[in-house]
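Peer 1: Sequence:
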Amino acid sequence: MKNNIFSSLVSITKGLHRDNRSEREFQLLLSEIKLYPLAANAVFKIHFKRPLNSKKEYYQKSIFNETEKTIVSFIAGFPENATTAENKYSYTILHNKFDKYLNDIASYISKRNITVDLSDDVDYIINYLKVSVIRLYAELQEQYGQFSETPLFTISEIAEKYFNDTKFNADLIKKIETSKKVVIKKTSKPKSKPKTSFVFKGKDKANLLKVLEQLQIKIDLLENRTTTKQLLEILTTDDFTSLNFNIYFEANTTAIRYIFDKLKPQFKNLKLSEIERSNKFYTKNDFELTAQNLSSSKQYTFKEKETIDNIFKQMQ
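The numbering of the sequence shown is full-length UniProt numbering, which starts it at 1 and goes up by one.
It should be emphasised that the hints constitute simulated quantities derived from the structure, not laboratory data. Given the structure is predicted, the values throughout are model-derived calculations rather than measurements. Even for Gly, the Cβ is constructed at its ideal location relative to N, Cα and C. It is possible that part of the hints are untrue.
[Said to hold, decoys possible] Pair by pair, the computed Cβ-Cβ distance ranges are:
(1) 268 with 116: 15 to 25 Å
(2) 202 with 80: 52 to 62 Å
(3) 37 with 7: 22 to 32 Å
(4) 30 with 301: 42 to 52 Å
(5) 233 with 36: 16 to 26 Å
(6) 14 with 53: 15 to 25 Å
(7) 309 with 169: 40 to 50 Å
(8) 151 with 38: 20 to 30 Å
(9) 110 with 48: 33 to 43 Å
Produce the complete structure using the sequences and hints provided.
Peer 2: Shown next as structure tokens:
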């Protein structure tokens with residue numbers, strides 16, 4: 001496709017409904033198309049009905065390739081040395097682009113009376129296109145939502161917001177499960193138990209609490225449903241799995257990442273991977289903080305940095 005496939009397929013004047021090429025022609029096109037790998041930075045994967053003819057397969061692969069290429073481009077759009085303002089600008093540009101794609105697809109579905117009948121070629125392709133752009137929107141939120149100036153939505157909410165689809169099957173877009181290959185050895189060491197503590201090495205929890213309280217006062221660290229004492233308990237307990245509450249931050253993820261970095265010397269196990277594995281830390285939009293999300297949030301200059309530095313001097 002010469003034009004952007006997310007826009008060209010739903011063009012009222014040049015859209016998919018005008019493509020009358022034969023099965024033989026699509027077979028020839030398929031012989032020339034190379035399927036891209038899943039983007040290395042992808043968080044989600046689509047589980048969709050297998051295409052059963054050449055037209056469906058050609059468009060399914062074309063949409064997939066464009067989707068993966070777009071997700072890979074996120075990396076260049078959010079470089080590690082970018083400022084918060086630059087990242088917010090990049091986020092807004094992508095958000096507006098995906099917003100337009102979704103609105104264009106919704107308009108096309110309405111005007112062309114597209115149904116969920118996946119046996120029909122056009123309906124199959126447009127439904128796969130719809131799911132792919134919902135995934136793009138979800139990928140952007142999951143990876144860089146901390147830079148959003150607008151509310152974040154779940155996958156089901158995206159479908160309802162743009163398509164008035166209250167029965168959307170969210171299982172069509174699922175998080176990728178990462179697993180490591182298990183190598184069986186003749187003599188293997190006993191498996192270590194998963195860590196359930198960040199292992200506070202300091203001797204003065206009262207001083208740490210004062211720092212957390214100052215962060216709350218100065219930068220609105222926590223949402224009102226979370227207290228500084230709860231955060232202290234999560235950080236210093238011997239078993240955070242025994243605690244029946246979570247931590248909800250009000251501060252942006254850039255500030256949260258910096259605070260974790262400042263706290264790290266006081267703990268043996270306060271790693272990004274362990275923060276994610278604890279399942280205890282969430283943004284104000286109820287998105288769980290992941291290692292990838294925190295890693296991409298590292299900034300060298302941001303609004304709250306000087307205030308945070310001054311507060312942490314109390315720990316010295």
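Peer 1: So which of those numbered hints doesn't the model satisfy?
Peer 2: Violated hints (numbers, rising): 1, 2, 5 and 9; every other hint is consistent with the structure.
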